[in-house]
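S.K.: Place chain A on chain B using the hints.
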Amino acid sequence: MIGHPGQNVAFPRWSPDGRTLLYTSFDSSGRKNDFRLRTIGADGTKPRIVRAGSEADW
Amino acid sequence: MTRLGLFISTLIAALGLAAGAGSATPAEHSIVFATGTTGSQGRPTDVFVRDADGTVRQLTRTAWYEGSPSWSPDRTKIVYVSARGGDADIYVMNADGTGQRRLAGSKKGPQDQYPAWSPDGKLIAFASNRNGEEDIYVMRADGTGLRQLTKNAIWMEDQQPRFSPDGRFIVFSSNRVAFSNPELYRMRVLDGRGLVRLTHWGSGGDLSPGDDLMGDYSPDGKRIAFVSDRSGSYAVWTMTRTGPGSAA
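As given, the protein sequences belong to chains B and A, one line each in that order. Read in the working numbering, the first sequence has 13 at position 11, and its numbers run on one by one without any break. Read in the working numbering, the second sequence has 9 at position 4, and its numbers run on one by one without any break.
The following block holds chain B by itself, in its conformation from the complex (with noise of 0.2 Å):
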C-alpha cells in the first residue's frame, strides 16, 4: 500500500520499465491545493516528489 497521512492518492501509472509507480497525492480534505506528482519504486523503496500536478502519464 502507498498512503499518505491526511492525503488522498489517485491516478496510478505504471513506468513503463514497470519498476515504479507515479501517482497524485492531495489533500484530502479538498481545502489546500497540494496536488503533486509523486513517484515510487514498485518494492516500496525510493519515494519521490516529482512536481506539482496531477493526473499524469508517462
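Hints are not guaranteed to be accurate.
Example chain A residues on the side facing chain B (calculated, C-beta under 8 Å, incomplete) [claimed, not checked]:
hint: 1; residue: F38
hint: 2; residue: A39
hint: 3; residue: G72
hint: 4; residue: M98
hint: 5; residue: M219
hint: 6; residue: S223
hint: 7; residue: V232
hint: 8; residue: S236
hint: 9; residue: W242
hint: 10; residue: T245
Calculated from the model, a selection of chain A residues having no Cβ within reach of chain B, i.e. all distances over 12 Å [what the hints assert, rightly or not]:
hint: 11; residue: G41
hint: 12; residue: D92
hint: 13; residue: D147
hint: 14; residue: Q165
hint: 15; residue: L200
Quick list of simulated restraints, FRET-style, between CB atoms [to be verified]:
hint: 16; chain 1: A; residue 1: Q63; chain 2: B; residue 2: G32; range: 21 to 27 Å
hint: 17; chain 1: B; residue 1: T47; chain 2: A; residue 2: S238; range: 18 to 24 Å
hint: 18; chain 1: B; residue 1: M3; chain 2: A; residue 2: G137; range: 31 to 37 Å
hint: 19; chain 1: A; residue 1: D101; chain 2: B; residue 2: P18; range: 16 to 22 Å
hint: 20; chain 1: A; residue 1: G126; chain 2: B; residue 2: S31; range: 36 to 42 Å
If you're looking for bench data, these hints aren't it; they were derived computationally from the structure. These numbers come from a predicted model, not from an experiment. Note that the Cβ used here is the ideal one computed from N, Cα and C, for glycine as well.
M.R.: Chain A in isolation, oriented as in the chain B frame:
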C-alpha cells in the same frame, strides 16, 4: 453524496495548483500531466509535459479545463479531455501541443472522460454518459468507428478504462453491484463481454469505505495498480491481474 462522489468532486474542484519547481526527476521518460492555479489570479487546468531533463512545456492554454492526458504508444501524440466546447470532450494533439482537434463529443451534452490509448495505438477507450449512464466506449484513434462496450442501468457508472498490455482486455471501475462501492472489472475489448469482477471490497453503505478504482496494468500484464480506501483513506495498491490485492 457517496464517498466516491466526494472523492471525485474533491479532485475536480481542486485540480489546480501553482506550477512550482519540483525536485530532480526520477523519470527517464517525459511525463504529461495537468495543473492549473486557483484564487483570484487563478488559471484553469491545462496540459503540460515535463521532459526528462526537468524542462516543463505548456501544451494547452484555454479558459476551460484541459486534463486527463495520456500518451500514444509511440509518444508522438497525446489524447486528453477538453471542456473548451462547453462540456468534456475527447481531444488529441501532437506531443508538442500542435494539431489540437476534437475526436469525440459535441458542443453541448455528454461528458466524455478518462481517455486511454490501446497498446497498438489503433484504439482509444473512454467513459461517456452520451447514452444516459456512464459507460465505456472505444473508437479508432482517428475518432471513427465508435463502439459502446458496456450498457449500464440507471445511476450506474463505468469509469477509468485502461487497456491490458496485449490489447485484449480493458480494466475499469464500476458501481454496478453496489452503488456506493465501485469495484474493478475486466472485459474483452473485442465485444465488451467476458466480464470478470477483480475486486470485492466494501459493504455498499453510502459513507462506508469500499471503493476500488483507477486500475492500471503493469507493462508485463501481471499486476494491476489501483486506488482503494480499504485502509481508511485513498491509497495506491497493487494486485495480480486476476485477483485480490497485495501491498505494493
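S.K.: Against each hint, give a clear statement of whether it holds in the structure.
M.R.: Here's how the hints hold up against the structure:
1. F38: Since chain B brings a Cβ to about 4 Å from F38(A), closer than 8 Å, the hint holds.
2. A39: For A39(A), the interface hint holds, since the closest Cβ of chain B sits about 4 Å away, which is under 8 Å.
3. G72: Hint on G72(A): holds, closest Cβ of chain B at ~5 Å, below 8 Å.
4. M98: Violated - the Cβ of M98(A) stays beyond 8 Å from chain B, reaching only about 14 Å at its closest.
5. M219: 6 Å, holds
6. S223: At 5 Å from the nearest chain B Cβ, S223(A) passes the 8 Å test, so the hint holds.
7. V232: For V232(A), the interface hint holds, since the closest Cβ of chain B sits about 6 Å away, which is under 8 Å.
8. S236: 6 Å, holds
9. W242: 6 Å, holds
10. T245: 13 Å, violated
11. G41: The claim is violated: G41(A) sits with its nearest Cβ about 9 Å from chain B, within 12 Å.
12. D92: Check passes; 18 Å lies beyond 12 Å.
13. D147: Holds, because the least Cβ-Cβ distance between D147(A) and chain B comes to about 20 Å, which exceeds 12 Å.
14. Q165: 9 Å, violated
15. L200: 22 Å, holds
16. Q63(A) / G32(B): 21 to 27 Å: 25 Å, holds
17. T47(B) / S238(A): 18 to 24 Å: 22 Å, holds
18. M3(B) / G137(A): 31 to 37 Å: Given about 36 Å between the Cβ atoms, the range holds.
19. D101(A) / P18(B): 16 to 22 Å: 20 Å, holds
20. G126(A) / S31(B): 36 to 42 Å: 40 Å, holds
Comparing the model with each numbered hint stated earlier shows that hints 4, 10, 11 and 14 do not hold.
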